[in-house]
Each structure stands twice: as C-alpha cells, then as structure tokens.
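Asks: In case you want the letters, here they are:
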Amino acid sequence: MQPIRKYLSSAWHALFGDPVRAFGIVSLVLLLALAIAPAKDHFAQWHSYQRHYLALIHDRGDAVSLRRRFQPGIHQIWLPELGVVDRCTTCHLGLNEASLADVKQQPFRKHPVVPHSLDGFGCVICHGGQGAATSAAEAHHSERAGEEPILPAKYIESGCGQCHQNALPGTPQLNQGRTLLTRYGCVHCHAIMRPDGTKVAATDHPPSLVHIADKTTREWIYSWLKDPQAYAASTTMPNYKLSDGDASDISAYLVSTSTAHEGDTAAANAKTAANADASAGPSLYGESFCASCHAVQNAAGNLVGGDIGPELTRIGNKAKPEWLAAWLANPRIYDATTPMPHYRFTPQQITTLTTYLQTKTDTDYGSGVHLDPANAKQIGHGRKLIVELGCASCHEINGVQKPENFAPDLSTIGSKPLAQIVFLPGMEHSLPGYVGAKIRQPRAFGPSVKMPQFALTASQTDALTTALLALTNRSHSMPDSLRVAVVPETNYQPAGHAGKLITELACLSCHRINGRGGDMAPDLTWEGSSVQRPWLTEFLRNPNTLRPSLIRRMPRFNLSDSDNKELTDYILTVYQSPSIYADSAPDAKASPEMVEHGRQLFYSKYACQSCHIADTKTDKGYIGPTLTQVGSRLTSAWIYAWMKNPQALRPGTPEPNQNLSDDDARALTAFLMSLKSTNAKGAKL
Amino acid sequence: MKRHFDASTLSACTLILGLLAFAGCKHAGGPATGLKATAAGTAIVESSGGHQVGVTGTALKDPVVVQVNDDQGTAVPGALVEFHGPANVSFDPTAALTDSSGQATTLVTLGAVAGRYQLSAVTPGKSKAVTLGIVETALDYQQRLGSTLADQYCNRCHDPESSAQRVSNFDNLEVKPHAFADGATLNKMSDADLTSIILHGGPALNRSALMPPYGNTLSASDVRALIAYTRAVADPPYEPAGTVYARK
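As you go down the protein sequences, you meet chains A and B in turn.
First residue of the first sequence? That's 259 in the working numbering, and the numbers climb one at a time after it.
First residue of the second sequence? That's 2 in the working numbering, and the numbers climb one at a time after it.
Calculated from the structure, these hints are not laboratory results.
Be aware that a few hints might be false.
[What the hints assert, rightly or not] Here are the simulated DSBU-like pairs of lysine-lysine, each with C-alpha atoms no more than 30 Å apart in a straight line:
1. B/K62 x A/K362
2. A/K708 x A/K499
3. B/K62 x A/K902
4. A/K902 x A/K934
5. A/K902 x A/K875
6. A/K368 x B/K177
7. A/K499 x A/K696
8. A/K875 x B/K177
9. A/K618 x A/K499
10. A/K635 x A/K457
11. B/K177 x A/K878
12. A/K660 x A/K708
13. B/K177 x A/K362
14. A/K642 x A/K708
15. A/K660 x A/K635
16. A/K635 x A/K618
17. A/K368 x B/K189
18. B/K177 x B/K189
19. A/K863 x A/K823
20. B/K177 x A/K863
21. B/K177 x B/K62
22. A/K660 x A/K499
23. A/K660 x A/K696
24. A/K863 x A/K902
25. A/K696 x B/K62
26. A/K578 x A/K618
27. A/K934 x A/K875
28. B/K127 x A/K863
29. A/K863 x A/K934
Computed from a predicted model, the values in this text were never measured in an experiment.
Please put together the full structure from these sequences, using the hints given.
Replies: Here is the structure:
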C-alpha cells in the first residue's frame, strides 16, 4: 500500500507540480477529448462511402459535373407530411445520376426510373427500413424495439398501394393481391377500412345454404367440407381441415335445417321432355357459351373456361337433377342475386342440358362416403362448429346469425409492430415473412387458430402479402391531397320492365353500364348512340360474332319478340351519349367520290386493313371487329366520333388516335357507312 | 537438425494440403443438400425455362428444367445437378437429382436489380464437371410497364406467337413487323428513331404504313417505357453507345 501511494504522489508531483506544466498537460487532455468527435465522424461508415464515391467518379468523363453535384456530409430528405426523415442519400449518392447507369457497385447505383422523384417522396415510403439511421446495418436490418427491416424487393409494390387505392398499370402484383382479397372472401371475416372511410367489399358470391338440401346431398357436403379442392380445383372455398366426425356433424346440421323451396321442384314436376337428345348436350353447352363463365377440367388437367361461375368438372356428383333443371329454367328462383342469366331455355333444352351436365360425374369422387343418420346431439355439435368456424360470415345459414367482426381487423396490418407478433421458431423476423407464413399455413400458428387453409399458389400468396403490406398507418395519416382514391362501383339499377329484363339476363355480369358491371364484354353506357335499331334487334335475337378471334362471346337468350323490342327500345333511348346523336354526324349524304376517297384513305394512308377486315377477299386483319357490314351496324355519328378520338369513347382501346382531319374522318365515315349487310335476297338493307 | 527441419516442413505441408483439400471438398460439395447421386452423365442441356423475362425480386413464372444426358444422348436419371447464379439469385431447390426422365427442375427468383442474369446448372459428370449456361432477364418498374403496354397495344402484331387470350395478327400483315426482342434490327435504331416511329407511325422513317401512329394515344412516359422494354429484352443484348466526353 505504502509504495503505491508513494508512487502516485511522485507521479502527481511530476505532472502537476509545476503550474505551467500542469496547464500544458490539461490543455493536451482537453485537445484529445475534443478530437474524439471529428475522429469518430471521420471513421464513420457514411464518410468512407463518400470517399469511395469521390474515388469512383474521379476518373469518369463527367467527373467535373458529378463532383459539382456532390455535397459532403449527411444528406436528409425531410417530408413532415409523410413522416419521412431519410438519410439514405448520404451513402446512396448516385441515385439521381443518369450517367452512372453503368455502375454496378452499391451503394452508388442509379435508381431505376419510377414515376416519382426521390426528393418528393423519400426512400422508406416504398423500401421500408430506418430512414434516419446513418449506418448500413441500422438502416437496412434493424429489428430493435420493433423496427422494421428493409422490405424485400418482391413486395415493393405495396409502397405504391399506400397512396394509390386505385389499380395502376405499373403494379400488377398489387392489383392482383387486392383482387384476391375480395375474390377469396378474406373481407367476409376480416374488416378492411380504406383510408377514405369506405370498406373493402367482397366480390365473390358465396351461395346461400338455406335450401341446400334441395340442391345436393349430405354425402356431397361431407366430401366437399373435407377437401373442397378435390371436388373443384379452382374453388375459392378454403379447407378447414375438419375431422370426419366434425364434417359429418356440420353436413347433418345443414341438411336438417334446410328448408324446401317450392320453385326447386316445381319445374321438375311440371313437365319433363322425355325424348331429350343427349348428344345435343355438348353443342347446346357450347352455343350457350356456358364456358364464358364456367370452367371444366380437360383431359390434360387444365381448366378451360371462365371463373365467374363455379367449376363444372364434377357437377354431376353435386347437383340433384331436379334442382339442376329448375336452376336452368330460372336461376333467380333459387338465388335472387346470382350472376347467372335467365336463359329462357325450352323444356327440351333444359332436359338436354341437365342430362349432359349429369354426365360430368367422377365415379370415384365421394364413393367411400356412407353417413349414418345423425342424432340431435350431433346436429347440435354441427351448429356449434358452424358458429365457431364462422361459416355464416360468408354463407347464409338457417338458425345461425352472420357474425360481426369475426376475425381481426386488417386496416393497418402493414404497420403491425414486430413486438406484437409471435414468430414461429425458425421464421424470418419480419412483417412480410409473418404475413406470408400466415397466409400459407395459418394452422401452423397453433391448434386454436380458426383461419382455414386457402389453396393459393406462391405468386398469389406474394400478391396477397403485397396488398396487405400496403395497409399501413401512413396510408391513413397522410394528407388527403396525396391520396388517389379508388373509383367505387356505382349502384346503378336500370328501371322499368327493360330494367327487370337486364337484371334477369344478368347483363351486368359481363357488360358495364354507368359505372357498374363486369369487364368481359363491351361497356354499354353509350350503346344507344352507337348502333342501329335493325342490327340491335337481330343481334339480341341471334348474337353473331363481331370479333372472330374471341373465345368468350355473347350467348343467345331466346327472348320473346316483345321482350326483344322492349330491350332494344330501352337501349336506344336511354344509353345515349350526351354528344353523339343522329344529327351530330357531319353531312350524312355521301357522294360516291367521297366513298372512294374514304376507301383510299382506309387502304393506303391509314392502312386500316392491318387490323380490320372491310373486304373478306383481300383483308386479313384480325385485331379489330370485322367491318364488312359496319354500315348496317353502327351509326355514322358514332363512327365519326370514334375516328376523331377512339379513347374518348372506350378508354384503353388499342385503336390508335390518328388525329384525323375533319375531311379525312368524314370520308372514312362515308366509306364505312357504305359497307352494308345484304339480306337473303342479296339486296342492300 | 536437418532431419528435424524436414519433418516440420513435411508436417506443415501436410497440414496446408489437408486444409486445402478440406476447403476444396467444401467447395465441390456445394450446398449441403445431402443428395446422393446414383449416376453421372456427360452432357447437360436445357429443356425449358431459359430466356424468361421476369420482374426484379420475384420468382420466374416457369421453372427452369435441365436434362442430363450420357454419351449416346440418352437421359440419365439420378444424376446430381447444382444451380448457381449471382449472390442475389435464389433457387428452390439449389441442387436436385434428375428424375426418371433425366430432368432436374428448380424455381428461380431473380435479384432486386434489373438486367440479364447468367445462371448455370452444373452436373459432376464422369470425369469432369459439365456446366450449362442459362440466361434470364429481370425487368425494372419502367421496363415492366413497357411490357404491359406492349401487350395492350403492340404485341398483337409484333409477336408472331398466338395464345388462347390473344390471337396473333402477325401472319395477316403483308409487311412483317419486328419482334420487340429482335435486337439485330432494333439495336441499330436510336431511341430517337424508335420514339418517332411510335409517335408518328411507320411512314415517319419511310417504313410501312401498316404501323400506325400512337402519338395521340400513348403518353411520352409510355413511349419511354416501351423503348426501355425493347432494350431490356433485345437479343443480342442492347449496348447503349454511352456518353462521349472529351479526353481529360
């Protein structure tokens, strides 16, 4: 002890004994302490990146201008409205430098071309990560205190979806994800509020199970519940992984509570055409264009047909023949809101089609299922399961109320803090990893999870994850001016007797009118300005093909003459454009010279024959509609307006706007109007 | 002393050789897949999945399928195939044994950077490893927007292939349009030339009037996206002339 004290005291004396020396030493210590900050700064990671950047641009041809735009120090993009403080550009120095397109080395690459400027939107809005950090590890990979690591590139479109609630041409994955959210019925159980306060609505049509026993058997319900995809590969119904007993009990409840519906059997009891020609089935199925909405698996296992209606590969296993006949006679008796049109088949046709559809039976499907009659206890258990699993969120079921807020609200799932998530062992600790895993295998998160197993491909899961990650807090908190709202579907309902016909024929399942309806067939909002009466009457009676290359076409509805007239009158009177009407066309009387001039313009100057057929002998164009009879189909006012600006009449049409002069448009209209159809006697109509 | 020196050198050499061999084994063994090849071929060929155009950071639509053959050109089942690529490309699986028809399949997810990706499929072979090069392309935002626009407006004529959704009009045209991937022709045309032919139609460059003008239909950024797309898929690859500066 003594020697140490002695040593310390002599050291103290040596250093601070003399006041001048003491002052010198204290100054030295102070100087060193002051040097720590600049030294730390000098050795910071971003500083070394900036030195590397200067070295990189030193030998380039445009070094002078690159160096002039380079500013040393920490860079920051601050956007208070969006809550963005991004210092990424401190290291990512070449993002805006077009001449660095050839540089492959990070962090100096040029940013690919996107519609927004970096300075206006910052980086983390799209890429995630910690914008305020100044080291690569903290900015990119930090998970501390629930911080979100940078978003993997495959989900990048979720950034667009925070502001853009509408579908963008550049974000197919996000658009697909949003479609899946509504099509797979996610929003039946999970509420999703858009930032503008509207609720995301489902677009699927889960059938009501109120009269289920009229339609199918308990055995089929059992097999279906056990594995929906085994019956129809394309169905959106998820697999609840039910035990045999549970599936049996649920099917027992559904069948025991099902109420008989008189319409379902009335048609069968009334009259059945006994002498139905079974061989006519496929052609009737084909000419009714059932495949426009319904898919069937072909021999190679590929689905052929549309996805509006249910898949019909094994419909014979499911539907009872008498129900099928009643359904084909008038689907609206069983389900008033079905997208299926009322075809007005003859009894003979109904029998033909029913017989044909019954042949679509898989003898192996459900062959081993034998269910004993259920007792009251089992039926009661079935009801309990239906309530627990939330079946009534999608389906109307007798004796079970539709549950409210059955599953967690997903309006801000894209900002769920990592700290609130229970990750499975070995799982990637990130929100996209969690959301993706939850969609892929919901039941992996524990036996008590009710969410069923959906049959989604890997790319569909990615798309859904992208759409869900777009639902962030920021999308709700940002100023309205930055938001691009979704265009909601209108609740347009055509009026009167014609309106009733339009509903019965389910025109809006394929056609769009006044902002409501499908996108398979042309928008009919201005159809009345576009077509001529004789053509429309004939087309409704027997729809012929305008575009030879189309597979999905307008079916024939066997309308009565009075219904046909009613519909034609309504379309021609009501579906009129405000600016295109009979008198709006320039001079209707066209001289032969003008027609000839139009013909020359058609074939040489504008080369319309590359896409259209005006003369079947010479022209082969396949893209646009055939024009051989266009003068009997369209009005001259419509043709003229179309020539002047096709996109104004049909947004997105591939027909280019050729910026025609009035004279050229008039001559072309005259030529096209001269292409009349010929009736049976060969006389021009 | 001399003997001692020799022994120590020998042991050191052995150690280094051992380490090298270990490292070499580790390298040759590739990913720890635990796959045991039961056969070996002498050639590897591409069955399908090459020359796909995908999007940065996402999986390619179709899997890459390669086939291992022997000297006679018959397929070899049970041969090991490993897939390699740049660090940001991922394969699922990274190695596989060929199936009964001699084929190995993998799903490829491209990296986050647009451009061409040189991938390779390697099979150990009988005496030495055989490598097959596979090229895939990843599109960035603008290029993919271009591909969407091309599908909507252009490919009905420019793409000779028909699909169920889109019947090609190529065969109906007297003057045949160039495919967007036709680098031999399009690489020689400057961006300015391509822009004017899109905006003003074929006659603008003294070409066929069958190509209509899209200047009033597409926006300037649409046209830039279309050109970026043709450049991205050009085969042979497009090499921009680059900016020419005065020598320093």
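Asks: Within 30 Å, alpha carbon to alpha carbon, are B/K177 and B/K189?
Replies: Holds: B/K177 and B/K189 sit about 18 Å apart, inside 30 Å.
Asks: With the threshold set at 30 Å, check whether the alpha-carbon distance from A/K708 to A/K499 stays at or below it.
Replies: Status holds; Cα separation ~10 Å.
Asks: Holds or violated: B/K177 and A/K863, Cα atoms, limit 30 Å.
Replies: Holds: B/K177 and A/K863 sit about 18 Å apart, inside 30 Å.
Asks: Mind checking the alpha carbons of A/K660 and A/K499 for me, to see if they're no more than 30 Å apart?
Replies: 22 Å, holds
Asks: So if I understand the rule, the pair passes when the alpha-carbon distance is 30 Å or less; does B/K127 with A/K863 pass?
Replies: It is violated: about 65 Å lies between the C-alpha atoms, which goes past 30 Å.
Asks: When you check the alpha-carbon spacing of A/K863 and A/K902, does it fall within 30 Å?
Replies: Holds - the C-alpha atoms of A/K902 and A/K863 are around 16 Å apart, at most 30 Å.
Asks: Quickly compare the C-alpha distance for A/K902 and A/K875 to 30 Å and report which way the hint goes.
Replies: Holds. A/K902 to A/K875 sits at ~28 Å (cutoff 30 Å).
Asks: Is the hinted pair A/K368 and B/K177 satisfied, with a Cα-Cα distance of at most 30 Å?
Replies: 37 Å, violated
Asks: Below or equal to 30 Å on CA atoms is what counts here, so check A/K578 against A/K618.
Replies: 12 Å, holds
Asks: Run the distance test for A/K875 versus B/K177: straight-line Cα separation, threshold 30 Å.
Replies: 20 Å, holds
Asks: Given the hint that B/K177 pairs with B/K62, test it: the Cα-Cα distance must not exceed 30 Å.
Replies: Cα-Cα ~29 Å, so holds.
Asks: Under the criterion that the straight-line Cα-Cα distance not exceed 30 Å, is the pair A/K934, A/K875 satisfied?
Replies: 16 Å, holds
In summary, the numbered hints that this structure violates are 3, 6, 10, 13, 16, 19, 28.
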